[in-house]
Each structure stands twice: as structure tokens, then as C-alpha cells.
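1 is the number of the first residue of the sequence shown in the numbering used here; add one for each residue after it.
One should not assume that every hint holds.
With a Cα cut of at most 16 Å, we get these calculated EDC-like pairs of lysine to aspartate or glutamate [claimed, not checked]:
no.	residue 1	residue 2
1	Lys150	Glu222
2	Lys230	Asp244
3	Lys165	Asp241
4	Lys165	Glu229
5	Lys165	Glu222
Per label pair, the in silico range of CB-to-CB distance [claimed, not checked]:
no.	residue 1	residue 2	range
6	Ser238	Gly166	53 to 59 Å
7	His98	Gly128	43 to 49 Å
8	Ala17	Ala107	28 to 34 Å
9	Ser196	Leu71	30 to 36 Å
10	Leu115	Gly187	24 to 30 Å
11	Gly128	Arg30	42 to 48 Å
No lab work stands behind these hints, which were simulated from the structure alone. Beta carbons: idealized from backbone N, C-alpha and C, even for Gly.
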Amino acid sequence: MSGKKIDIVANLVLPAAVIMMTATLFFMFRPETCTALFCLNLGYTVFLEAILFGYINLLYRRIKEFSTPFLAVFGIYALYYTVAGAGWMLLYSLVLSHFFSIKIYIAALIVLTLLWIIISVLTAQADGHYKSTVDMLNDRQYTLEYYTQKIRLLASRYERLCAEKGIRYATESNNRTVLDRLKGKIGFLTPNVLNSETARSQLNAMLEKCEAIIEETASASEDSLAEWEKKMHRFVNSSIDELDMLKNMTRR
1 MSGKKIDIVA
11 NLVLPAAVIM
21 MTATLFFMFR
31 PETCTALFCL
41 NLGYTVFLEA
51 ILFGYINLLY
61 RRIKEFSTPF
71 LAVFGIYALY
81 YTVAGAGWML
91 LYSLVLSHFF
101 SIKIYIAALI
111 VLTLLWIIIS
121 VLTAQADGHY
131 KSTVDMLNDR
141 QYTLEYYTQK
151 IRLLASRYER
161 LCAEKGIRYA
171 TESNNRTVLD
181 RLKGKIGFLT
191 PNVLNSETAR
201 SQLNAMLEKC
211 EAIIEETASA
221 SEDSLAEWEK
231 KMHRFVNSSI
241 DELDMLKNMT
251 RR
């Protein structure tokens, strides 16, 4: 049996069969007079079964609008509601129906159902905000990864260029070129730095300028190499100052 046929059985045939068997059992033990309580209990039992199968279907489909924690919490709420509703139905039908009118029974079911709906809707709303925040942070993390990978490519390109041109970078650190300082600085940025459109624009402009300097250095003559090397030093220093400023702004 193909997966599509199994889905049809699980999503349509099985719920319909359970509901039909439930109705059959109810009518097998139906009182001589079909009372309002009997009809109400039958309808409410089918409603509880629909909640059960609806949650199973929701869990199976893993709808993208909902997060995994929400599905777990919603399942717990649905279980609590089903147990409480079934318990109240049995308690009233077997014991309390002799002391209280059916209006009390219906009112309690309505209140119980409203509480479940309100709690579920508020949880879904909170989950929507949570998922939006997570998606936004993931997008920013991917964007930050792009900047990190971009500066690594530029630093590697500049390192090869310095080796070809004979440019030496004297330092006590492990940096091979001056651009490695900027690479390290961008690599330690956090996603909240990208909250501002200004910050993203500055980073884009920074990388574009860096690439332009590398291209100019590649085409420069030997007489002007020293000048382009100084220009790269000035660019790195000013860029690091800008990054420090952006980090300080995000802490406010």
C-alpha cells in the first residue's frame, strides 16, 4: 500500500470508523426514551474524538506555522481537556443528573470548552511571536555567516596577493596580513549587530571597499605598492573603529 493510501486511511477512514463505532455503541445502550442528555453525550463524545484525531493529524503534518514546543504543549492541553470533559460527562450522567438540571451540565461544558479554546489560542499567539523571533534570528545568523565567509575569502585573496607582490606584514600575532585583523573582528560579531539597517549598510560598504582596495593593489605597479599597503592599513583601522562603534550602539 502506497504512502498516499495509508494517509487517506489514517486521516479519513480511521476517524470515520471510530465515530461510527462510537455512535453504534451509544445506540446499543440507548435508553427507551431518547433524552436530551443522551443526544448531548453522543455529540460531545464525537467532538472529543474529533479533537484527538485532529491533534494526531496536526502532529503528523508538522505544520510550519507551529513550532515543536507548541505542538507538545497543545497536545497536553488537548489531553487535559479531553480527560476533564469525559470525566465531567460521566460524573454528571451517572451521579449528578439526579440532583442538578441539564443546564448546569451544559454550562460547565461550555465554560470548560471556552477555557481550553482561550488557553490554546493564547498559546498559539505566543508561539507565533516566538517562531517569528527565532526565524528572524536565524535569518540574521545566516546573514552574519555571509559576512564572515566573505571577509575570509577577501583575506585569503589578499594573502595570496601579498605573497605574489612581496608585501610583508610584521606582527607578533598569527595574522598573515593586516586584513586578518578585520577578519577576526567580523568573526566575533553577534547577530544583534544586524538589527539596524545602518549596520548592514556599513558592513556591505566595508566589504565593497575592501574588495576595491584588493583589486587596486593587484593592478598597482611596484612603485605604488607601498602606498596601497598603507591604504589597506588605514582602511582596516577605520573599519575596526566602525565595528566597535556598532557593537557599542547595540548594547544600549
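Structure-based check of all given hints:
1. Lys150 - Glu222: 27 Å, violated
2. Lys230 - Asp244: Given that 16 Å is the threshold and the Cα spacing comes to 21 Å, the pair is violated.
3. Lys165 - Asp241: With Cα atoms ~28 Å apart, Lys165 and Asp241 exceed 16 Å; violated.
4. Lys165 - Glu229: Holds, at roughly 11 Å.
5. Lys165 - Glu222: Within the cut-off at roughly 8 Å; holds.
6. Ser238 - Gly166: 53 to 59 Å: 25 Å, violated
7. His98 - Gly128: 43 to 49 Å: With a Cβ separation near 46 Å, His98 and Gly128 satisfy 43 to 49 Å, so the hint holds.
8. Ala17 - Ala107: 28 to 34 Å: 33 Å, holds
9. Ser196 - Leu71: 30 to 36 Å: Between Ser196 and Leu71, where Cβ atoms are some 34 Å apart, the hint holds.
10. Leu115 - Gly187: 24 to 30 Å: Violated - the Cβ-Cβ distance for Leu115 and Gly187, about 50 Å, lies outside 24 to 30 Å.
11. Gly128 - Arg30: 42 to 48 Å: Holds, since Gly128 and Arg30 (Cβ atoms, about 44 Å apart) stay within the stated range.
Checked against the numbered hints above, the structure violates hints 1, 2, 3, 6, 10; every other hint is satisfied.
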